[in-house]
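Number of protein chains: 2
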Amino acid sequence: MITDREKHFMYLAIEESKAGMEAGDGGPFGCVIVRGDEIIGRGHNRVLCSNDPTAHAEIVAIRDACANIGNFQLSGCEVFCSCEPCPMCFGALYWARPDRIFFANTKRDAAEIGFDDAFIYGQLEIGDYKARQIPMVKMDMPEALMVFKKWIEMPNKNLY
Amino acid sequence: MITDREKHFMYLAIEESKAGMEAGDGGPFGCVIVRGDEIIGRGHNRVLCSNDPTAHAEIVAIRDACANIGNFQLSGCEVFCSCEPCPMCFGALYWARPDRIFFANTKRDAAEIGFDDAFIYGQLEIGDYKARQIPMVKMDMPEALMVFKKWIEMPNKNLY
Chain W
187 MITDREKHFM
197 YLAIEESKAG
207 MEAGDGGPFG
217 CVIVRGDEII
227 GRGHNRVLCS
237 NDPTAHAEIV
247 AIRDACANIG
257 NFQLSGCEVF
267 CSCEPCPMCF
277 GALYWARPDR
287 IFFANTKRDA
297 AEIGFDDAFI
307 YGQLEIGDYK
317 ARQIPMVKMD
327 MPEALMVFKK
337 WIEMPNKNLY
Chain F
187 MITDREKHFM
197 YLAIEESKAG
207 MEAGDGGPFG
217 CVIVRGDEII
227 GRGHNRVLCS
237 NDPTAHAEIV
247 AIRDACANIG
257 NFQLSGCEVF
267 CSCEPCPMCF
277 GALYWARPDR
287 IFFANTKRDA
297 AEIGFDDAFI
307 YGQLEIGDYK
317 ARQIPMVKMD
327 MPEALMVFKK
337 WIEMPNKNLY
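Going down the list, the protein sequences come from chains W and F. Residues in the first sequence are numbered consecutively from 187, following our numbering. Residues in the second sequence are numbered consecutively from 187, following our numbering.
Among these hints, one or two may not hold up.
Note that identical chains are pooled: a pair holds if it fits in a single copy or bridges any two copies.
What the hints assert, rightly or not - Using 20 angstroms as the maximum straight-line C-alpha spacing, the simulated PhoX-like pairs for lysine-lysine come out as follows:
1) K324 to K343
2) K316 to K343
3) K204 to K336
4) K204 to K316
5) K343 to K204
6) K316 to K335
7) K343 to K193
8) K336 to K316
9) K204 to K335
10) K193 to K204
11) K193 to K324
Hints listed in this document are in silico derivations from the structure and should not be mistaken for laboratory results. What you are looking at is a predicted structure, and each value in this text was computed from that prediction instead of being measured.
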């Protein structure tokens with residue numbers, strides 16, 4: 187059951203998507219992050235205006251929210267996305283760990299207007315990294331593993 | 187066949203991972219992006235020092251590279267990651283579209299030192315979003331679809 191409260195925040199995310207598109211900042215995507223009834227972060231796609239392929243609405247809003255609350259975790263928060271998150275934003279949301287994620291348009295809707303989320307979801311499903319479209323090359327580097335061992339042994343490290 | 191050139195750039199990515207860890211900036215992950223033999227972007231994990239859960243080495247390096255070349259696409263570039271990218275960074279790399287991705291440590295190695303990449307990969311494999319650990323709620327919002335329709339109809343838009 188969707189409440190009026192949830193519709194209210196989703197309308198704000200949709201407003202963000204529209205404002206960003208009309209400003210020419212990037213694609214038509216918006217995001218609002220709330221803790222209780224307080225908006226702690228918001229954003230829209232800024233890929234074009236910032237030349238930053240990672241500046242999707244959710245990433246912009248997560249960075250804004252985390253900066254505002256001084257924490258890299260969003261537990262106790264809810265995220266309202268005008269469109270179902272792409273794999274990059276899905277991963278970012280899982281690292282940030284909000285309590286719930288609401289979305290309106292779907293990845294299929296996004297594909298229909300030319301955004302390739304569905305393609306990237308498909309690439310992730312290919313378990314063998316060698317079979318993916320962007321070639322991935324595994325290099326055996328003992329030096330890299332050595333850094334991981336040092337991390338394990340490091341005293342007083344912040345676990346996260 | 188891995189060349190000395192490729193090993194050289196991977197060593198630099200590993201150096202980034204070590205420097206970031208020792209500075210307390212975040213986990214032991216580094217990334218270097220090159221175009222030909224020129225380094226155009228680099229970064230290490232800065233989740234802890236910037237309170238930004240999206241500040242993985244690859245994201246930091248992609249943003250650095252794109253800012254340096256003034257483009258949101260990395261075609262013609264190669265990316266050297268000290269560890270196999272997590273789903274967030276995998277998505278970011280697919281949006282940036284470099285020619286090749288090299289990695290040293292694997293997501294299994296990362297899981298062994300406490301980084302949950304494998305868990306997020308698993309969550310993405312769950313096709314039904316309702317069955318995932320962070321609850322996702324679909325809201326039917328004609329207003330959101332209307333913004334997508336406006337995008338399609340918008341003249342002179344930058345397609346990307």
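Here's how the hints hold up against the structure:
no.	hint	result
1	K324 to K343	neither (28 angstroms within a copy, 39 angstroms between copies)
2	K316 to K343	neither (35 angstroms within a copy, 35 angstroms between copies)
3	K204 to K336	between (47 angstroms within a copy, 9 angstroms between copies)
4	K204 to K316	neither (39 angstroms within a copy, 27 angstroms between copies)
5	K343 to K204	between (43 angstroms within a copy, 14 angstroms between copies)
6	K316 to K335	neither (27 angstroms within a copy, 37 angstroms between copies)
7	K343 to K193	neither (42 angstroms within a copy, 29 angstroms between copies)
8	K336 to K316	neither (29 angstroms within a copy, 39 angstroms between copies)
9	K204 to K335	between (48 angstroms within a copy, 11 angstroms between copies)
10	K193 to K204	within (16 angstroms within a copy, 46 angstroms between copies)
11	K193 to K324	between (46 angstroms within a copy, 11 angstroms between copies)
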